[in-house]
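Enquirer: Sequence:
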Amino acid sequence: MSLAPRLAIAALMFQVHLWAQTSGGAPQVSGEPSPPQAVDRDEPLYLELNGFDNFVNNNYGRWKGGGAKIMYRGAKHFAPIFGFATQKRPEGSDQVYGLDSYLTFNKWFYLIGGISGSPEGTAILFPRYQYGVTAIVTVPGTQGLAATLAASQNHGDDEGKGRIFSVGALYYCCHGIWSGNISFNRSYPGAVPSKSGGLAVQFGAQNKFWIGGGMSGGRIAYQTIALRPLDVRFMSFGPNFFYQQWINGKVGFIVKYDYQNQLEAYQRHGISASLFFEFP
1 MSLAPRLAIA ALMFQVHLWA QTSGGAPQVS GEPSPPQAVD RDEPLYLELN
51 GFDNFVNNNY GRWKGGGAKI MYRGAKHFAP IFGFATQKRP EGSDQVYGLD
101 SYLTFNKWFY LIGGISGSPE GTAILFPRYQ YGVTAIVTVP GTQGLAATLA
151 ASQNHGDDEG KGRIFSVGAL YYCCHGIWSG NISFNRSYPG AVPSKSGGLA
201 VQFGAQNKFW IGGGMSGGRI AYQTIALRPL DVRFMSFGPN FFYQQWINGK
251 VGFIVKYDYQ NQLEAYQRHG ISASLFFEFP
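Take the sequence shown: its position 140, counting from 1, is numbered 140 in our numbering, and each next residue is one higher.
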């Protein structure tokens, strides 16, 4: 597989799918579809249905929910993705709606941008609105190396908000994709700074299977399972693993597990499963 499609497959590890990710801080391995190529695909629509459950100690209870997203890949330079997610905790429930899109300029450079919003629920589990963009560019003069640069901002109620700037890299070798990033976070009010980062690797081939894992750590100011700012005074770390399998080339599934140790607060074990379909 050439660098451009492989870059497309792995870029979602760094994208700002603000409404759909299930863990935070590290680049997340992912088997989601690539952005549109120069010709229309036979199956321009991609639909994914997912659910997750988290078991958290120290009387935090279970955090569970689900969602759906649909992606149109029939255009040449963009691929919009519409999504919805819901989450329930002991204190209440909340929902979020989002729109993301690839913007493909050429085989060396493209962007992934997104925006999402959350109506008022019975609990504040998502930011009221958030937006971000990720740039992926092939490093000139190298074989299989790409750089990533991302920025995002989330807004809660009142004056609460958070900003994240990330830099990272992707490296392709044989059937493996290696990635890493570091994030510089700032939480408001107070402009409290923090740093976090992670590493990830995955092996396999598109339309067959992917298997991989990652590790994140640091003072994570924003965790997307909660989709809300965290207390950056607490150090956090944990691994994540996933497996994706195509059943017949147009239908498949993804299963994930992740663990988070939010020191001095809680430990969380999370599982999620997705079914995806490519059609018509």
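Read the hints as simulated data drawn from the structure, not as lab findings. Source: prediction; values computed, not measured. Careful, some of the hints might be misleading.
As the list claims (entries may be wrong) - Think about it this way: if two alpha-carbon atoms lie no more than 20 Å apart in a straight line, the pair counts; the simulated PhoX-like pairs of lysine-lysine are: (1) K76 / K107; (2) K208 / K250; (3) K88 / K64; (4) K107 / K161.
Unchecked claim - Across the chosen pairs, the derived CB separations fall in these ranges: (5) L99 / N57: 18 to 24 Å; (6) F184 / A68: 31 to 37 Å; (7) P193 / L145: 28 to 34 Å.
Even for Gly, the Cβ is constructed at its ideal location relative to N, Cα and C.
Enquirer: Decide, hint by hint, whether the structure agrees.
Expert: Status of the hints after comparison with the structure:
Restraint check: the Cα-Cα separation between K76 and K107 comes to about 12 Å, which is no more than 20 Å; the hinted pair holds. Simply put, K208 and K250 have alpha-carbon atoms about 10 Å apart, close enough for the 20 Å limit, and the pair holds. Taken as a hint, the K88 and K64 pair is honoured in the structure, with Cα atoms around 5 Å apart against an allowance of 20 Å. For the hint pairing K107 with K161, the CA-to-CA distance comes to about 35 Å; that exceeds 20 Å, so the pair is violated.
A beta carbon spacing of about 36 Å between L99 and N57 contradicts the range 18 to 24 Å that was offered as a hint. A C-beta distance of roughly 32 Å is found between F184 and A68, which places it inside the suggested range of 31 to 37 Å. One distance hint, 28 to 34 Å for the beta-carbon pair P193 and L145, holds here, with the actual separation near 29 Å.
Checked against the numbered hints given earlier, this structure breaks hints 4, 5; the rest are met.
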